[in-house]
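As you go down the protein sequences, you meet chains A and B in turn. Letter by letter, the first sequence follows residues 0 to 318 of numbering that gives the first Met the number 0. Letter by letter, the second sequence follows residues 0 to 174 of numbering that gives the first Met the number 0.
It is possible that some hints are incorrect.
Chain A side only, calculated, beta carbon under 7 Å to chain B, not exhaustive [stated by the list, open to error]: (1) Arg112; (2) Val181; (3) Gly184; (4) Ala206; (5) Asn215; (6) Ile217.
Hint data in this document are derived by calculation from the structure and do not stem from the laboratory. For every residue, glycine included, the Cβ atom is placed at its ideal position computed from N, Cα and C.
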Amino acid sequence: MRISSSFAVIISRIEQLTDSVKRYTLIRENGEDLLPFSPGAHVLTTLKNSDSLIHRRYSLCSPANEKGYYQIAIKLTEHSRGGSMLWHEKARVGQKLTISAPVNHFTISSRARHHLFVAGGIGITPYIPMMQELALRGLSFELHYAARSPEQCPFYEWIKATFPNSAQFYFSERGERLSPEVLSGKRIGTHVYFCGPQDMMRGFREAALLLGYVRNNIHIEAFQKDQGENDQPFQVTLSRSSRVLMVPADQSLLDTLRSAGIDVQYSCQVGGCGACQLSVLSGDVLHRDFYLTEDEQKHNESIIACVSRANGGTLVLDV
Amino acid sequence: MNPFLEHAHTLLVFADVHGWPHAVDFASEASRLGVEVELHILGEDVDGCMTDESLQKPVAVWTLEEASDAVLTDYLQDKKMGARLYVCASDKKIGHLQAVFEMAGFAREEVYFETIAIASHPVFCVGCYGVNESNGKEIICCEHCHRTLAVSSHYSSRLRAVLGYIIIPAQNTLE
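Just chain A, same shape as in the assembly (with noise of 0.2 Å):
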């Protein structure tokens, strides 16, 4: 049976679960049975807009030994680019779209003795399926999770009551923090997740690496590239072959490379695990991925090709 990338649903039901997030379920048009997803799992979502196509990442926050249906849950945010405005306003129960099979780049650790979720916001949505998964399994996790209040947090209520003993909830309208001390004075064998708001995963995945984790324990679920409002274009050169190859302000080096038929491995393409590492010989590099350390960034040795590009100058690459 040959299964296809991409896949037709409809959506059969939509909760409102805060005043800016709902949840959408989404089941097949004929009633098959969906593609199989382990916990972490994301889909791409296409949606139909006038004239154009909205393409988005949602992690998927259903049961994951459910076949039946997938849920995603959407905020509405304040800086929509299109896609959460279209979802909230636009999208209707019987409206048909395309996601793609699931893909995983945050997945539960299977040598972690503890896991320790950290989530701000709808960054909840990945780790609900995770912590079904865990405590099906009897194993060790806690979640720390910030938002603005209870009523602006969803599945605050069933994580309460669901998981009671493993959660804590820090509420800024409150004046609750939710600070990097939660990851000290863990036990051998833990793995941190985060997901939530950028300056959130940076500053917590920094505050791991200074406290001993090492970078495969560590893992952060980014779904957006850091975005430049004002990308120039950069030019780079390959040491290896001497080519000289023009960057667009539109385009990343990542595909630039790849256009140009040089093989350079990628996976997540948001700039958070590390597979499109390149060396750099010389220039100087605006770093906006999530995987280099803050000193590996300073030294400007290296460079994660889908999201950071050339300071201004050219760029050597070892390459």
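With chain A fixed as given, assemble chain B onto it according to the hints.
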């Protein structure tokens, strides 16, 4: 600074008598960087181990038998994130410890192994004709007949082993 020690808070040093000098050097470097150091000796030859005056005395001796693996695992899994393991020993001991460390929850990046190669030869016991391993020692106990053997430098190409001569304990012959 050794990159392995970056952001380490505690260094657990495991070494046997062969690896001890290297282990002490590494532990001293860690101690100078402000990393808390614990020293552990593998095997019974503790008399062969010396510690630098600036370091702590050895904390424990581990004999690496099955019975002690569970105790070692329990001990290690209480350690906190930021702990690192440095192991300097013969490859046989390291092979054994790798599994113990993984069971305790240490990631590969948190463990630094330095293997000490020991020239080990098959030793032919001239008493019972059994073959033993020298394990780098000059005096061994034959596993088969339990006689004490001196490992000689006499290599038998037929037996593909060095000869192990029986050591007769000194006796008082005067009556």
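Hints, verified against the model:
no. : hint   : in the structure
1   : Arg112 : holds (4 Å)
2   : Val181 : violated (12 Å)
3   : Gly184 : holds (6 Å)
4   : Ala206 : violated (11 Å)
5   : Asn215 : holds (6 Å)
6   : Ile217 : violated (11 Å)
The structure does not agree with the numbered hints 2, 4 and 6 stated previously, though it agrees with the rest.
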